[in-house]
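K.L.:
Numbered according to our numbering, the sequence shown spans residues 343 to 543.
Read the hints as simulated data drawn from the structure, not as lab findings. Even for Gly, the Cβ is constructed at its ideal location relative to N, Cα and C. Hints are not guaranteed to be accurate.
Using C-beta positions, here's what the derived DEER-type ranges look like [as the list claims (entries may be wrong)]:
#1 Q386 to T520: 14 to 24 Å
#2 E428 to E518: 36 to 46 Å
#3 E522 to A433: 37 to 47 Å
#4 V503 to T411: 25 to 35 Å
#5 V435 to I361: 45 to 55 Å
#6 K469 to E391: 45 to 55 Å
#7 D532 to Q427: 23 to 33 Å
#8 T356 to V435: 55 to 65 Å
#9 V368 to V503: 13 to 23 Å
#10 E391 to E428: 45 to 55 Å
#11 D507 to A530: 52 to 62 Å
#12 P451 to Q427: 23 to 33 Å
25 Å max Cα-Cα, derived DSS-like pairs, lysine-lysine [claimed, not checked]:
#13 K429 to K389
#14 K512 to K493
#15 K469 to K404
#16 K397 to K357
#17 K357 to K404
#18 K397 to K371
#19 K389 to K371
#20 K404 to K389
#21 K519 to K534
#22 K510 to K493
#23 K512 to K469
#24 K371 to K404
#25 K521 to K534
#26 K429 to K404
#27 K397 to K429
#28 K493 to K519
#29 K493 to K429
#30 K521 to K469
#31 K469 to K534
#32 K357 to K371
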Amino acid sequence: MAEAAPEEVPIPRTKDPTIMNSAASVDQKAERFYNAALLVGPGQVAKFEDGSLWKDRELYAKAIELWPTMAAAYGNLALILSPNQEKIQLAGVEWGPQQLYVRAIELNPAIPVFYVNLATLMGAEDKVAFQGGVTVDRVQLCLQAIQADPKCAMAYGNLGVLLPDGSKAKLPDGSEKTKEELLAFAQALDPKAVPSMPPAA
Numbered sequence: 343m344a345e346a347a348p349e350e351v352p353i354p355r356t357k358d359p360t361i362m363n364s365a366a367s368v369d370q371k372a373e374r375f376y377n378a379a380l381l382v383g384p385g386q387v388a389k390f391e392d393g394s395l396w397k398d399r400e401l402y403a404k405a406i407e408l409w410p411t412m413a414a415a416y417g418n419l420a421l422i423l424s425p426n427q428e429k430i431q432l433a434g435v436e437w438g439p440q441q442l443y444v445r446a447i448e449l450n451p452a453i454p455v456f457y458v459n460l461a462t463l464m465g466a467e468d469k470v471a472f473q474g475g476v477t478v479d480r481v482q483l484c485l486q487a488i489q490a491d492p493k494c495a496m497a498y499g500n501l502g503v504l505l506p507d508g509s510k511a512k513l514p515d516g517s518e519k520t521k522e523e524l525l526a527f528a529q530a531l532d533p534k535a536v537p538s539m540p541p542a543a
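Please take these sequences and the hints and turn them into a complete structure.
P.N.:
What follows is the structure in structure tokens.
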């Protein structure tokens, strides 16, 4: 059975890199590719005015090619590759979701969702290395997300799930919380991001 053709999403002129003024900077062109990718969902392709069709991953890759320090492009590309652990070629090098998240964090360590998403891809014994030789596990990534944003509910929730029963996590502010306290705090911060836990029997 043939695969259905992807739905074409016409990209507005203000986000179309194929119709930019020739004086536009490389960064401006990269932003157009990035912004076009944000408009494309699963099973869709971007359609530019020149008739070309682009998948979201191709748009993010082009944005990275043009602006290699655009952290958000690495993070969003990692997000769309994560469900199937797909890989992509960038500048002749194969990148998987973990490598893309590491690069996104290195470029902009202030975005907590990069840490949280990277932690969800890792197993209990896995570690990732950053430039400068720092190696961390998934619990440490959740703590770094909390340091980047003390109101990041997903980081507290994931930390609560990862924390062994009967232990406490020392948070960046110096306080300590149990697994149950972390989950309750996460739920209080954002009930939509962290489901309510049933009361202990």
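K.L.:
Next pair to validate is K510 with K493; report whether the Cα-Cα distance is within 25 Å.
P.N.:
holds (19 Å)
K.L.:
Does K429 sit within 25 Å of K493, going by the straight-line distance between their CA atoms?
P.N.:
violated (32 Å)
K.L.:
Would you check the hint for K512 and K469, treating anything up to 25 Å between C-alpha atoms as holding?
P.N.:
Given pair K512, K469 holds - Cα atoms ~19 Å apart, limit 25 Å.
K.L.:
Would you check the hint for K357 and K371, treating anything up to 25 Å between C-alpha atoms as holding?
P.N.:
Satisfied, since the Cα-Cα distance of roughly 9 Å is no more than 25 Å.
K.L.:
Please verify whether K521 and K469 have alpha carbons no more than 25 Å apart.
P.N.:
Answer holds: K521 to K469 is near 21 Å, not above 25 Å.
K.L.:
Between the alpha carbons of K389 and K371, is the straight-line distance 25 Å or under?
P.N.:
holds (16 Å)
K.L.:
Per the hint of 55 to 65 Å, is the separation of the Cβ atoms of T356 and V435 within bounds?
P.N.:
violated (32 Å)
K.L.:
Starting from the hint 23 to 33 Å, judge whether the C-beta atoms of D532 and Q427 obey it.
P.N.:
Once the Cβ atoms are compared, 27 Å apart, the range 23 to 33 Å for Q427 and D532 holds.
K.L.:
Given the hint that K397 pairs with K371, does the C-alpha gap stay at or below 25 Å?
P.N.:
holds (17 Å)
K.L.:
Is the hinted range of 45 to 55 Å satisfied by the C-beta distance from K469 to E391?
P.N.:
Holds, at about 46 Å.
K.L.:
Given a hint of 37 to 47 Å, does the C-beta separation of E522 and A433 actually sit inside it?
P.N.:
holds (46 Å)
K.L.:
That 25 to 35 Å hint for V503 and T411 (C-beta), does it hold up?
P.N.:
holds (33 Å)
In the structure shown, a violation is registered for the earlier hints numbered 1, 5, 8, 9, 10, 11, 15, 29, 31, in ascending order.
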